[in-house]
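Q: Residues per chain, in single letters:
2 protein chains.
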Amino acid sequence: MDNIITPTPKVTTGPLPASGKVYVTPDSAPDLRVPLREIELSAPSEPRVRVYDTTGPYTDSSVTIDVRQGLARTRRAWVLERGGVEEYDGRPIQAIDNGNVKSSVLQPFPNTPRPLRGVGAVPITQFEWARAGVITKEMIYVAERENLGRKVALDLAKERLADGESFGAALPEFITPEFVRQEVAMGRAIIPANINHGELEPMAIGRNFLVKINANIGNSAVSSSMEEEVEKMVWAIRWGADTVMDLSTGRNIHDTREWIVRNSPVPIGTVPIYQALEKVGGDPTKLSWEVYRDTLIEQCEQGVDYFTIHAGVRLAHVPLTAKRLTGIVSRGGSMMAQWCLTEHRESFLYEHFGDICDIMRKYDVSFSLGDGLRPGCNADANDAAQFAELETLGELTKIAWDKGCQVMIEGPGHVPMHKIKANMDKQLRECGEAPFYTLGPLVTDIAPGYDHITSGIGAAMIGWFGTAMLCYVTPKEHLGLPDRDDVKVGVITYKIAAHAADLAKGHPAARLRDDALSKARFEFRWKDQFNLSLDPATAEKFHDETMPKEAHKTAHFCSMCGPKFCSMRITQDIRDYAKKGMDEMSAKFKAGGNALYVPDKAAD
Amino acid sequence: MDNIITPTPKVTTGPLPASGKVYVTPDSAPDLRVPLREIELSAPSEPRVRVYDTTGPYTDSSVTIDVRQGLARTRRAWVLERGGVEEYDGRPIQAIDNGNVKSSVLQPFPNTPRPLRGVGAVPITQFEWARAGVITKEMIYVAERENLGRKVALDLAKERLADGESFGAALPEFITPEFVRQEVAMGRAIIPANINHGELEPMAIGRNFLVKINANIGNSAVSSSMEEEVEKMVWAIRWGADTVMDLSTGRNIHDTREWIVRNSPVPIGTVPIYQALEKVGGDPTKLSWEVYRDTLIEQCEQGVDYFTIHAGVRLAHVPLTAKRLTGIVSRGGSMMAQWCLTEHRESFLYEHFGDICDIMRKYDVSFSLGDGLRPGCNADANDAAQFAELETLGELTKIAWDKGCQVMIEGPGHVPMHKIKANMDKQLRECGEAPFYTLGPLVTDIAPGYDHITSGIGAAMIGWFGTAMLCYVTPKEHLGLPDRDDVKVGVITYKIAAHAADLAKGHPAARLRDDALSKARFEFRWKDQFNLSLDPATAEKFHDETMPKEAHKTAHFCSMCGPKFCSMRITQDIRDYAKKGMDEMSAKFKAGGNALYVPDKAAD
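First to last, the protein sequences are chains Y and Z. Take the first sequence: its position 123, counted from the start at 1, is 123 in UniProt numbering, and no numbers get skipped. Take the second sequence: its position 223, counted from the start at 1, is 223 in UniProt numbering, and no numbers get skipped.
It is possible that some hints are incorrect.
The list treats identical chains as one, so a pair stands whether inside a single copy or across any two.
[Said to hold, decoys possible] Below, a list of computed lysine-lysine pairs in the BS3-like style, where the Cα atoms sit at most 30 Å apart:
| # | residue 1 | residue 2 |
| --- | --- | --- |
| 1 | Lys323 | Lys158 |
| 2 | Lys541 | Lys527 |
| 3 | Lys527 | Lys151 |
| 4 | Lys580 | Lys286 |
| 5 | Lys541 | Lys102 |
| 6 | Lys541 | Lys10 |
| 7 | Lys488 | Lys541 |
| 8 | Lys21 | Lys151 |
| 9 | Lys21 | Lys580 |
| 10 | Lys580 | Lys323 |
| 11 | Lys323 | Lys286 |
| 12 | Lys158 | Lys421 |
| 13 | Lys527 | Lys488 |
No lab work stands behind these hints: they were computed from the structure. Nothing here was measured: the structure is a model prediction, and the numbers come from that model.
Required output: the full structure, derived from the provided sequences and hints.
A: Below you can see the structure in the form of structure tokens.
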């Protein structure tokens, strides 16, 4: 083992521009410290703007980050104090868990905790606690986090900002812990929070909360290294990813996941069948319940917060895909389809669904019921295969709830605009309002290289209609593996989609940030405009390409109109005019006392 | 004058990858040659895919481009043969037309034609011809161009591809010249086509045609040169801009426009008040009907195809903006607002609207009635000022129609998703279904640097709802002047939005390209997938970053799953299975004869 290399990967730390980390302590749980980001503005009269903060301790200057130790496991105490769990030795790590690579290339995480699991029939999952009428610390945390102190901000705004169309969602003026409990108890929201993910800062996924986004990371057989994956996670949450899915399929797969979970303040999702496939040498027909079960337990013990499980791909559904233009495009879905075809029997995931629930309940791993038959192109959208699977997912949702598990439902994919709402409506109907979690959807197939945009359009719309979490798509979709820049562009695009959806749904406080930025824009507070934006560095860089001089940061004009004439300034004149009356102002303007147009010395 | 520099600017020429220029001759007009682009696929069994072609002769290898001569003025003969026009000397060019710059820095276009104008009461505009029951060559051209030979393609597809929701638009299965005439006669479509723009390849803007996009180019007081502007136009149409607006406001403004029009196969739009303002030294309060009228005639003679005219900014509307978060953000709108305030009288554009119509009719310049009071942020969307102006635009539309002019209406701006449809519905109602031409709208204000995306979401939606043309927004919006890359990204983003809208409206042939690309993707014809995309070079580059080897261009896998397992191949098995029956195939799979999973030699 002396060849083991355990470097400390460099990850990105430090606050975003003009931003400070603030921790709020909820009244009902004085030991909680709920993080949020506060953006300071240059105008002393303007209140700081609080925004949702997914970045974890990485943006807290007072925290020393050591990725070899992982983040503090604050939440473990909450789990232990609730009781009903036991610490135990856990499943021994086997060579096959890491793809049978030589031990010399293994990079085990040096500070792995002993796992916990639920014992007996007392509540374990957030769903069970909620149904038992108990408000957990996770629920209190989530309530505070979603509110962002919006009561104070809305009082300052002195008007109701929201006037959206919610399509049946019921967003409250303020989020209380009891509201969170009710939503979780009804299955309308989940708090993905494996009891073994002590590093987690809990968050909620549900259509009566802020719309969330997921970023996928992961190596593949072709490229990528483990250290890059940890930084990818940190990088993705820095720009706003609410959860991260580790879709690794190559070597060191167990260890990579361990490094990611131990360093992640956001929920981590996986697709366990990818690792199960590795364990059977990559032959889908060799998959079995036994190897799948073993993989579930392995990942439950590591602290994965939600699993994509393609239990809706039933034998009877497979022939429905025969006439599709692009067949089955989900990796997990096609594995199960091939298994069903070859074995000529029902999917073992479907047949063992109750057993899967029993395992996941013990660790409070949430279901993300996979859409293995999602359409791979616009031509296949909303077809019989897709909707047959969705109906099965509805059936499985009820089973999982009966077993005490939290559930969300995955959705497409490739769907033209006019077919998007039917997806949302059917999902709500079939799945009893369990949260929907969609990939895009892409509204056209003709723009590879720009599929963050083709899918961002669909994501904004389906988010508006009620989807609780949007899985990002990067510019490299269909073409290659995303690099650092692609991940950032994908996350920012999806933050746009999610925020646009919040605005359109009528989220009571979403517009605060838009209004603060628009006011800064109108008052030519350039730095504030940059700092309030989703990507301050890019906004500032774009500005500087045209007007690099530092003086232009405070200039009362922009490069579109130039220094000679500025349309925005006229409003001040109009306001004066409204106050002082038309005649007086008319005389004043004619006298030239407040000309908008001044000689352009800079340009001469 | 011996210091005059008249270089031949380099512009981008040559076909797009795997693409050929095809000219179609309509039955009813054998002298017309209607261009389209045909993409060749690598599979011999796959038919070539015809796509709409905005690129003009620049992508025709058989045409020699000389920007000092301009494009061939083919269309001038069509205008002359219809009659009712006279050639005349035209208004002499004055120093003030080019901002009074020294003659040594002037770059006059060396091959300017003598202008034409309509005489008498015979029809001049496409609207007048259409109302007189006459199908013009422009209408025949447009019909052929919109059809793209879709009868043949749809016969090949052997199924009806369209199932959209058109919100009252009535897209015919095939476009006939008579259909174009009817749409133009009803004012539901325009063919912006100044009789002095002989270089034009006519196109239609209307909600029963393909959704179009506009790209803005232009210098400003801060930067840019004339030569760059010509190439910007060529570059914008290369990626799909259907019209180009020249928003130049600096020096050499007359000459820049001349170079652009003489080299442009697409309609050119302008905002004449920008130049009028230059002529009065930049002081909006010095604007007058006389200087504005002079500017209109100057630009009519040059061949500008449509004018943005902010005649809807009435004195009474101005106070409605006083309580806005961002006031008036349109340059033209704020100029007129200041003029009205200062003069304390009604806008001269409104008062002289009939005179403006009389001038524009003589040259068949189309109106683009400007939305000078469009919202500059989400908070101001759909407010009293915006809608009061829209009502006035409806009133002006009817006047312009009575005067024989073609009209479209400009729209916002910044609008959250739930307020977009109200804009479209009100525009159709107030403006008698005249084509709507919107800027975005941006669905959130928080993403400067990504406003092509925030606005692309709104553009796709409003295009679906019925907007006929979408004005692009580049990533530099609100921050700086777009460079070459920004223009391309803006155009591609808007092609996505427009095409997504066509699909959702149920355009009978829009999905042909999606399906061809999806089929290529499914069959791992990588080159075809690139070539069918909106941006072949970027798609190929992204692919090559992960899998650079030439062999990977034909690889039956992609970098997402790697060579070991490919989800797409299973469908072939499923198809076999559907044909041969379950038992036989099950036996075959078990025998391992068609394993999807093969040892990954490349990765070992």
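Q: With reference to the structure, classify each hint as holding or not holding.
A: Tested hints:
no., hint, in the structure
1, Lys323 <-> Lys158, "between (57 Å within a copy, 14 Å between copies)"
2, Lys541 <-> Lys527, "within (11 Å within a copy, 35 Å between copies)"
3, Lys527 <-> Lys151, "within (26 Å within a copy, 55 Å between copies)"
4, Lys580 <-> Lys286, "between (83 Å within a copy, 23 Å between copies)"
5, Lys541 <-> Lys102, "neither (46 Å within a copy, 35 Å between copies)"
6, Lys541 <-> Lys10, "both (25 Å within a copy, 28 Å between copies)"
7, Lys488 <-> Lys541, "both (16 Å within a copy, 19 Å between copies)"
8, Lys21 <-> Lys151, "within (19 Å within a copy, 61 Å between copies)"
9, Lys21 <-> Lys580, "neither (44 Å within a copy, 63 Å between copies)"
10, Lys580 <-> Lys323, "between (72 Å within a copy, 15 Å between copies)"
11, Lys323 <-> Lys286, "within (27 Å within a copy, 69 Å between copies)"
12, Lys158 <-> Lys421, "between (34 Å within a copy, 28 Å between copies)"
13, Lys527 <-> Lys488, "both (21 Å within a copy, 27 Å between copies)"
Against the hints set out earlier in the document, violations occur for numbers 5 and 9.
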